[in-house]
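Note that the protein sequences, when read in sequence, are chains A and B. Counting from 1, one number per residue, gives the positions in the first sequence under this note's numbering. Counting from 1, one number per residue, gives the positions in the second sequence under this note's numbering.
One side of the interface only, derived from the structure: several residues of chain B facing chain A at Cβ under 7 Å:
| no. | residue |
| --- | --- |
| 1 | Gly634 |
| 2 | Arg637 |
| 3 | Ala640 |
| 4 | Ala644 |
None of these hints come from the bench; they were simulated from the model. Even for Gly, the Cβ is constructed at its ideal location relative to N, Cα and C.
Chain by chain, the residues:
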Amino acid sequence: MFEDSVPLAHYLTLSAVLFVIGIVGVLVRRNVIVVFMSIEIMLNAVNISLIAFDHYLNLSNGQIFSFMVMCVAAAEVSVGLAIIIALHRNKPTVNLDEFNLLKW
Amino acid sequence: MLLKLTCLVPLFPLLGSIINGFFGLRIGKNAVGIIACGSMALSFLTSILIFVGFLMLPEGQHVFEQAVWTWFGAGDFSVDFGFQIDPLTLIMMFVVSGVGFIIHVYAIGYMHEEYSFYRFFAYFNLFASAMLVLVMGNNFLIMFIGWEGVGCCSYFLIGYYFEKKSACDAGTKAFVVNRVGDFAFLLAVMYIFNVFGTIDFTEVMHAAPEKLVYAGEAVTLITFFLFVGATGKSAQIPLYTWLPDAMEGPTPVSALIHAATMVTAGVYMIVRCSALFNLAPMTMMIVAGTGAATAIMAATIGMTQFDIKRVLAYSTVSQIGYMIMACGVGAYTAAIFHLVTHAFFKACLFLGSGSVIHGIHGEQDMRKMGGLKNYMPVTYWTFLVSTLAIAGIPPLSGFFSKDEVLYHALMDGNIIFWGMGIGAALLTAFYMFRLVFMTFHGESRVDPSVHPHESPKVMTMPLVILAGLATVGGILGIPLFHGWHILHNWLEPVLHFDLANALQHSEHMLHEAGKHAPSWAHLLNPKEHNLWLEVFLMAFSACVAVTGIVAAYIFYIKRPDLPEKFTKGQWGFELVQNKYGVDELYDGVFVKPTVEASHLLWKEVDAKAIDGTVIGTAKSVGWLSKQAQAFQSGFVRNYALFIAVGFISLLLIMF
Chain A
1 MFEDSVPLAH YLTLSAVLFV IGIVGVLVRR NVIVVFMSIE IMLNAVNISL IAFDHYLNLS
61 NGQIFSFMVM CVAAAEVSVG LAIIIALHRN KPTVNLDEFN LLKW
Chain B
1 MLLKLTCLVP LFPLLGSIIN GFFGLRIGKN AVGIIACGSM ALSFLTSILI FVGFLMLPEG
61 QHVFEQAVWT WFGAGDFSVD FGFQIDPLTL IMMFVVSGVG FIIHVYAIGY MHEEYSFYRF
121 FAYFNLFASA MLVLVMGNNF LIMFIGWEGV GCCSYFLIGY YFEKKSACDA GTKAFVVNRV
181 GDFAFLLAVM YIFNVFGTID FTEVMHAAPE KLVYAGEAVT LITFFLFVGA TGKSAQIPLY
241 TWLPDAMEGP TPVSALIHAA TMVTAGVYMI VRCSALFNLA PMTMMIVAGT GAATAIMAAT
301 IGMTQFDIKR VLAYSTVSQI GYMIMACGVG AYTAAIFHLV THAFFKACLF LGSGSVIHGI
361 HGEQDMRKMG GLKNYMPVTY WTFLVSTLAI AGIPPLSGFF SKDEVLYHAL MDGNIIFWGM
421 GIGAALLTAF YMFRLVFMTF HGESRVDPSV HPHESPKVMT MPLVILAGLA TVGGILGIPL
481 FHGWHILHNW LEPVLHFDLA NALQHSEHML HEAGKHAPSW AHLLNPKEHN LWLEVFLMAF
541 SACVAVTGIV AAYIFYIKRP DLPEKFTKGQ WGFELVQNKY GVDELYDGVF VKPTVEASHL
601 LWKEVDAKAI DGTVIGTAKS VGWLSKQAQA FQSGFVRNYA LFIAVGFISL LLIMF
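Same shape as in the complex, but just chain A (with noise of 0.2 Å):
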């Protein structure tokens, strides 16, 4: 089957390395924006790796759960992009490093 000509390790290989591209992301950029989307990145990182999973272990919990990331990736997208504006009305930058007020 040629749906089997792709093995297993290269989807965990590309769900590996987008999601160290991810958590690269989050550590390293500055822009709240770009951090926000390095996030995303990670939680389809592990979606894949749930798909590949789910297909060659001939399951379906791995689709639905997929779905379940989906759904709350989606509210997650709402309330982070929420906090982003209300940080950017109190202080006109997108950058990270300014939003240091809560510590001692």
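Since the structure of chain A is already known, use the hints to place chain B on it.
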């Protein structure tokens, strides 16, 4: 039944104290005075009713006990808040409430100019209440409540003029010195509970001959601790130093607390515990010796003082020495007799001196008095009568009581005690008349700007009453006809002690313990009442008193230059005038080291060690927090890094 009124006697002054203390400023001086004196009068009248009720008790019953409520209980040990009425208590009740009432009336006049009039009377009433609890309690702990209560009120009243440093110091001194005695008293009570399993007076005194070995260790220690308690309250060697300083208080306080009632609490307590003291010959020896030594030592100091109240204070110490000596030779009746007559004449003397001080506007130095006889005749005559009484001139009360003490000191004690007693009697007559002559006779040395005047009636009437009592008080114990001694017969049920029976028990107990019992047969020889010896002693001590008076007359009226000549530059005189340096000695041995040690503890241990530990802990926690603060950079990406690093290291550890 009239005896049911018992608990009201201390309650009236307590109520008076509460009312005066809380509302005194609002209700005005007149109302305060009426409430204070009225509560004492009610207390006195109730005492009379109780006396009548007591006389109506069936034959053979000599104690009435009233438990008001159970104070506390633990296991099979319970203490009632209870009162008891017996002949001894009745005498003390009459002295406290009667003399107390008279002095309360006097105080209205004496304290009238004071702003804190109400505060004075609140404390004064509280004192009377505590003193009544002390003498009426039916067990050691109730007595202890009163014991501490009177000490506390004494502290309040000595420090009444609290804006004066010396008064505050005197109050503190009295309180602290008393605490020494109180602690010993408490030890004795614990020991008594340990031995008897109860602290009820009646039960303890009843069980004493059966549970304690004559001259045994237990009874000796118990009585010794009780006696140390008595030396604190009754100002005996070695704890007498607070009493002369206590004269910083207002004069009515000196009269009521530091002459008539509180300082006799120790004597009362010893008489109350006579059943224990009778079993402890060694303690009795100490008691008698201390009493005799105090009597003569205080008398010598009294001769050299110039402050009118201090002379009377030393005189009080000396007279209480007599009472303690009487207790020590087993003459409890004589002790109580002297206590009662002393309450009369010493209260009168103190009030008289207060009247003098009042009349010349607060001067207390006898060198600035003199010739006051004509200005204040009532004060003079009452003062003279009381002085004659204390000097022991027949037929005034002091003569009979002092004589009885001396007679017993000779018969039941030994000739040394008697010698010291008669020596003190000579000195008493001398210094008391020195006081009278310096104050009332001779040339006036009063400051010319001061116009001496007689005190108002409210002050002189109490003087007259007390002088009257001091005159006739001797009736209580005219000893000439054996078996006629009123006080002796009255106290017989309290003091009755079967020595033969007690010795038998002791022998039995020693045999059971497998020990050899010494022979006590010689203790059982009854001593005959030697009428002629007593008459001779009476005549002798009257002569001694007259000698003292004549000596004082020569020294202070006839040849006023003599005292100067005799005393100038004499180291002996200066030693006595400085009170034998006892105050300095105590100061050096006890007070200074304590203060310095406390200072050391404060500055070094408390401020440096303890505070250092506490503050150091706080500081090191703060320092650690400072270090930890670096983690909280406020950069979100840092936190994310920590999460990532943490997660990765977790993974590494797991796999």
